[in-house]
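K.L.:
Taken in sequence, the protein lines are chains A and B.
Residue 1 is where the first sequence starts when you use UniProt numbering, and the numbers rise one by one after that.
Residue 1 is where the second sequence starts when you use UniProt numbering, and the numbers rise one by one after that.
In short, the hints are calculated from the structure, not lab data.
Each hint should be verified, as a subset may be incorrect.
According to the in silico footprint, chain A covers these stretches of chain B (three or more CB under 8 Å from chain A) [said to hold, decoys possible]:
1) 24-32
2) 60-73
3) 92-102
4) 153-164
5) 189-199
6) 237-244
Since we're looking at a predicted model, the values are computed, not measured.
Beta carbons are placed, not taken as given, at the ideal position from N, Cα and C, and that holds for glycine.
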Amino acid sequence: MSAVLTPRTDSPEAPAAPVDTTSAWSRWANEHRKWLFAAPAMAFVAVLIIFPVAWTGYLSLTDAEGSVRAESEFIGFQNYLDVLTDTDRFWPAVWRTVLFTGVVLFFEVVLGMAIALLLWRPFRGEKWVRVAILLPLVATPVAVGMMWRLIFDPNIGMANQLLGWIGIGPQPWLAGQHSALPTTMFIDIWQWTPMVVLILLAGLTSLSDEPQEAARIDGASSWQRFRHVTLPLLMPTVIVAILLRGIDALKTFDILYATKGRGGGSFHEVETLNVYAYGLSFDYNDYGVSSTVLIIFFLIIIGVMWALTYRKKGLGR
Amino acid sequence: MKPSKPYRVFRNSALVVVVFALMAPLLWMIAASFKTNVDIYDTAKAFVFSPSLKNYETVLQQANYLEFIGNSLWVAFAATTLSLLLGVPAAYSMSRFSMKKSALVVLMARVIPGVSLLVPWYYVFSNLKMVGGFTVLILSHMFVSLPLIVYIMMGYFDGLPAELEEAALVDGLTHIGAFRRITLPLSVAGVATAGILSFIFSWNNFMFALVLSGSDTKTLPVAIFDFVGYASIDWGGLMAAATVVTLPIMLIALFVQKYVVSGLTAGATKG
């Protein structure tokens, strides 16, 4: 920052301003610092994010497929018509996406809340519990998928061995046509409940003790205190947790691909919208249709987000 | 008030269950990485086996993992550094000038499905013959890192009182000087938080590298699939590979636990 230290010599008509010791460039930079600071990041976002999303929108109106150098034709909304009437792959994928997100969110929030309440007040050994909470969360999702693949292997996995000890027969887990999706949900819940715990714990720690204390003096039971004091005060944080986890759950890809491979398995049993769009793009090179799926998927995400933030504002009042 | 004894007994046993449920699978993975494939298939040797380093030999020597570790480190380091250079000043501007709409645009990147970027990127960069190179891979990881850093740093700058900068202005510093000499040194913890989180997310990222990396630039999460064949899986090698990918990032996270937690929960309590 040598400019700051350079004595100003270029304007003799302002000798009364010894504070202003800046060069012309530095003055310009200071006046325009708002955009100077923001512009590089905004340019990155515009060129590498907004432009591709716009292009995805354009591709969804063409019949682009095959090589990336191939010619494509503008076909209007034909892809949208095809996709929205596709009850073979598209609608089942929508249903699986909704089901997956709904189920994992429910369990992650309920379990997350329970664990956060357990951890709320200080206790001995807290440090070690926090370590256990953090580790699944930072583990590489693909590796987590592989880890569970071994545990859930129908022949050599620990899961069936444990069931055997309590007298239950072996289950197909990830290999079963109907059990694969619930098993992947379980893996997602294992990995991401800790995230909800951390967020809710941060919320709980920031609450003041007085409403709790007042309710206790008024003779409220611990359930009543939770239901009518803690939960309403914590609600904005709960919504943030749902919002952050919900967006990621809708877009789940890594553990589904790691456990079931391309197309969500041979019967597409775990094929969500994200997995479907990925397969259309990079296994079938059907860029036009995949762009259509992506635009619809994107609209669904925006819709869910909008609904949740709307609700959050309503609760803030 | 001290919790009652029955509650403490209940809480402690519940926490033991939670810790066991979270840790056991990870320990199982690490244990399996020290077993030979024969031992993995033998359920009688689930807990008692003679540990072997053979899987790690396979992973580090035959499967070329040292190179993939290098690739992962370089991509995560470069994407994080570049995102910090772009993101920290941008977050400062957006925080101080309340640029709500610009902030929203950057944060939208957290919402957009990654595949919808990959398709146009693949189009453009394969025509430029850049797919498979480090440049595209690093840029794609910035798509995750930059919004994350802007999000965390905006919250951090919002929490720093503007009075400190005003005092610096009175003392003769320029606005940019005040940012460099006052605000930035006070934000070291925030920058560390953002940088660590960005590194973890980039290290763990799978989908971008799956499409955009080539044989020379393959990162660890993609390299794991080398152990999954069409006919059979080399379970021992796979678990060793999974451990090699996960253990470093878990150890880093333990050392900087405070930052990781504050980054993951950033913005959660603003209401």
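K.L.:
Next step is simple, just say for each hint if it's right about the structure.
P.N.:
Going through the hints against the structure:
1. Counting residues of the segment 24-32 of chain B whose CB lies closer than 8 Å to any CB of chain A gives 5, so the stated coverage by that chain holds, three being the minimum.
2. Proximity of the segment 60-73 of chain B to chain A, defined as three or more residues with a beta carbon under 8 Å from a beta carbon of that chain, is not established by the 0 residues found.
3. Coverage of the segment 92-102 of chain B by chain A holds. Counting CB-CB distances below 8 Å, 7 residues qualify, and the rule asks for three or more.
4. By the rule of at least three residues with a Cβ nearer than 8 Å to a Cβ of chain A, the coverage given for the segment 153-164 of chain B is violated, with 0 such residues.
5. Check on the segment 189-199 of chain B: 0 of its residues sit with their Cβ under 8 Å from a Cβ of chain A, so the three-residue criterion for coverage is violated.
6. With 5 residues having a Cβ less than 8 Å from any Cβ of chain A, the segment 237-244 of chain B passes the three-residue criterion, so the hint holds.
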